[in-house]
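Student: Model the placement of chain B on the given structure of chain A, informed by the hints.
These are the residues of each chain, in order.
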Amino acid sequence: MSITVLSGGLLTTVQDFGRTAQQASGFCVSGVMDPWAFRLANLLVANDPETAGLEITSIGPTLQFNQDCIVALTGATGKASLDGQPFPFYQAQLVSAGQCLAIKQLTNGVRSYLAVAGGFALPEVMGSLATSTRYQLGGFHGRALQAGDVLPLRQATPYVPSYGSRKLPVPSYAEKQVTVRVTPGPQFKQFTEQVQQEFLKTSFTISDASDRMGYRLNGAKLTVAQTGNLLSEGTFFGGVQIPQNGEPIILLADRQTTGGYPVIAVLASVDLPLIAQAQPGMQVNFKLIPIMAAQKLLQERQKQLTQLTQQVQQPSREDLSPRLPASRVRRLFDD
Amino acid sequence: MLPYELIPASDQALNVTFPNRIDPQINLIISRLAAKLSKQAAITALLPAFRTLTVFYQPLETSLEQIEALVTTSLQQLDLHKGSEARVVHIPVCYTAEFGPDLEKVAAHAKLDTAELIKRHTKPNYLIYMLGFLPGFAYLGGLDPQIAMPRLTSPRATIPAGSVGIAGEQTGMYPVVSPGGWQLIGRTPIKLFDPQRDQPLLYQAGDYIHFDEISQSEFTQITDNSAAYQIKVTREQVKS
Numbered sequence: 001m002s003i004t005v006l007s008g009g010l011l012t013t014v015q016d017f018g019r020t021a022q023q024a025s026g027f028c029v030s031g032v033m034d035p036w037a038f039r040l041a042n043l044l045v046a047n048d049p050e051t052a053g054l055e056i057t058s059i060g061p062t063l064q065f066n067q068d069c070i071v072a073l074t075g076a077t078g079k080a081s082l083d084g085q086p087f088p089f090y091q092a093q094l095v096s097a098g099q100c101l102a103i104k105q106l107t108n109g110v111r112s113y114l115a116v117a118g119g120f121a122l123p124e125v126m127g128s129l130a131t132s133t134r135y136q137l138g139g140f141h142g143r144a145l146q147a148g149d150v151l152p153l154r155q156a157t158p159y160v161p162s163y164g165s166r167k168l169p170v171p172s173y174a175e176k177q178v179t180v181r182v183t184p185g186p187q188f189k190q191f192t193e194q195v196q197q198e199f200l201k202t203s204f205t206i207s208d209a210s211d212r213m214g215y216r217l218n219g220a221k222l223t224v225a226q227t228g229n230l231l232s233e234g235t236f237f238g239g240v241q242i243p244q245n246g247e248p249i250i251l252l253a254d255r256q257t258t259g260g261y262p263v264i265a266v267l268a269s270v271d272l273p274l275i276a277q278a279q280p281g282m283q284v285n286f287k288l289i290p291i292m293a294a295q296k297l298l299q300e301r302q303k304q305l306t307q308l309t310q311q312v313q314q315p316s317r318e319d320l321s322p323r324l325p326a327s328r329v330r331r332l333f334d335d
Numbered sequence: 336m337l338p339y340e341l342i343p344a345s346d347q348a349l350n351v352t353f354p355n356r357i358d359p360q361i362n363l364i365i366s367r368l369a370a371k372l373s374k375q376a377a378i379t380a381l382l383p384a385f386r387t388l389t390v391f392y393q394p395l396e397t398s399l400e401q402i403e404a405l406v407t408t409s410l411q412q413l414d415l416h417k418g419s420e421a422r423v424v425h426i427p428v429c430y431t432a433e434f435g436p437d438l439e440k441v442a443a444h445a446k447l448d449t450a451e452l453i454k455r456h457t458k459p460n461y462l463i464y465m466l467g468f469l470p471g472f473a474y475l476g477g478l479d480p481q482i483a484m485p486r487l488t489s490p491r492a493t494i495p496a497g498s499v500g501i502a503g504e505q506t507g508m509y510p511v512v513s514p515g516g517w518q519l520i521g522r523t524p525i526k527l528f529d530p531q532r533d534q535p536l537l538y539q540a541g542d543y544i545h546f547d548e549i550s551q552s553e554f555t556q557i558t559d560n561s562a563a564y565q566i567k568v569t570r571e572q573v574k575s
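Top line first, the protein sequences correspond to chains A and B.
Quick note on numbering: the working numbering labels position 86 of the first sequence as 86, and the sequence is numbered without any gaps.
Quick note on numbering: the working numbering labels position 198 of the second sequence as 533, and the sequence is numbered without any gaps.
Derived from the structure by calculation, the hints contain no laboratory data.
Treat the hints loosely; a few may be bogus.
[Claimed, not checked] One side of the interface only, derived from the structure: several residues of chain A facing chain B at Cβ under 8 Å:
(1) Val170
(2) Thr183
(3) Pro186
(4) Gln190
(5) Leu230
(6) Thr257
(7) Thr258
(8) Ser269
(9) Leu298
[To be verified] Straight-line distance between alpha carbons at most 30 Å, and here's what the computed DSBU-like set of lysine-lysine pairs gives:
(10) A:Lys296 <-> B:Lys374
(11) B:Lys371 <-> A:Lys296
(12) B:Lys374 <-> B:Lys567
(13) A:Lys167 <-> A:Lys201
(14) A:Lys303 <-> B:Lys374
Note that the structure is a prediction, hence the values are computed from the model and not measured.
Glycine is no exception: its CB is placed at the ideal position from the N, C-alpha and C atoms.
Same shape as in the complex, but just chain A (with noise of 0.2 Å):
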C-alpha cells in the first residue's frame, strides 16, 4: 500500500490545509497555498475535504503505484502521462498496481494538487499533515519528496462510487497579468490617500524572489504610513505588507506568525488561488472591495462548492447506460 517516488519533480510537499491553531505559539501554518484547487482535487477522488495531498511546483514528481488507486489531478495544468500515455487533469482516474504516473512541465498555472482516495499513512504533527520545510517537520520526514521516497497509503483501493465519470471543467489561469480583489488592510487607514492611490494604480510585477513564505513585488516603492514603531502583530494568509523600503510582499503559506511592518490590504480569501498561481514575471494589480463584500463572493464560492459536488456525485446518463458495458462485451463475440 504505497507509492514510489522515482523523481521528486521540482518541489513536491504534502500539504492539508494546515496549523491554523497553532499560530498562537508561534508555529507557521504552512498548509496547500490554492486551497480551491485542493478542496476541487478531494472532491473528486470523495476524500473529506481535509485530506492532506501533494502539492507540485512547476515541474512534477514521476510516481510509481504500488497498488490500483483513484487518484485525481487539479489546479496547474501541463504534461501528465500514465505509462506514456496522456494523464487527464481533473478526472478521477484509476491507476493501476505497477503504473507509472510523470507529471512533467505545468504550462496553465504553477500548483498542481495530486489527491489519492483515502490518503496517505503519514503521522500528523500538531494536528495537521501539512510539510514546514522550514523547521523539517510534518508531511513526510519534513522535506520536498525525493527519488526513493516510499509514500504509505492509509488504504488498499477504497470505494469511490462511480469514479470513472467524477470530473469538473478545467479552469484557465492568467498568463501575463492577473487583478485580485483586496479589502482594507488593518492599516489601510495610517497610509496616506496618495499612497493608497498609488497602491491601487500600479500594476506591480511579482519578484523572483517569491516562494511559499510570500511574493515580493517590484514597480512602485510606497512610503510606508506613519505609525511610529508598530509593535509587532498577527499576520494572514494574503496579507499585503509594506516593508521599509517600500516594495509589497504578499505573505502566503509559509508566512512568519507574526510581523512588524504596518499591511495595506489583505487578498479576498477567494482570490488566493489567482496569486497561487501566478508565478515570478507576471503582473498583479489590486482591486478595493469592502470586506462585506469579500464575504459575499465566499458564499458565493461555497455555493459554487455545493453545484460541483452535486455535479461529480451525479453519474451522468452516459455513464448509466447499460447499453455501453453491453456493446464492450457483444465486441468480443463480434470476431
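Tutor: Leaving out everything else, chain B in the frame of chain A:
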C-alpha cells in the same frame, strides 16, 4: 478598561487593538480575552500579540457583527482581578562560557562579575508578552536594565536550540536552531519546543518565565534523562 478599537483585518479576521505600547495591563486583558473567546465555536483561531488579539472566524457560519458583539460583551464581562496568581514556568539554565560565549562580555558591559550577572538574570519573573518569530519564541519583558546590551553587530549563522541570550532590553530563548544576533549567556537542556509532545510548548503568552541556574553536571543529567524531566511550574502572585 483601556481604550481599544475593533479593526476588521481581513474577510475572516477581526483585530482587537489596544494602544501601541508594551504594557503588562494590555497583556493581561489580551490573555484573559483570548481565554474567554477560545470556548466559542464560531471562532477558528486566536493570535495574541503585544497589543492586538487577532480573532479568526468562519464568515460562512457567523458574521462580523456577531463577532464584534461577542468581543465587546466579553471585554465588558472580563474580570481582571479574580485569580491574579500567574503561572510561572521555571527554565533550568547552565551559565558557562561553553554555552554562553558572550557571558563574560555581557558581564563586563554591565560592569559586574559573571556571578552577579547570573544573579540578576535569574531574579525576575519575566512576562511572556507574545510568541512569534520562531516556533515558541517568547518575547519577554522585565530584564534588569543594567544587564541590557545591544545585539551582536554581525549575527551568528547558527544558534543551538535552548540558547538563552540578551538583545537590547530583552532576554529570550531560542526554541529551535536559528541564525541570530543575540548575546548568548547560557543554555537550557530542556526541549522548549517539541512537536511530538502533546503540548509542543511549555508556556503561552501571559505566563511568566523564571530562569533557575543549574551546574554543568545537572545540565548533562537532564539532557541524558530528558524524558523523565518534569518542568517546574509554580503559581505566584506577580505584580503587574
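Student: Of the hints stated earlier, which fail here?
Tutor: 1, 4 and 13
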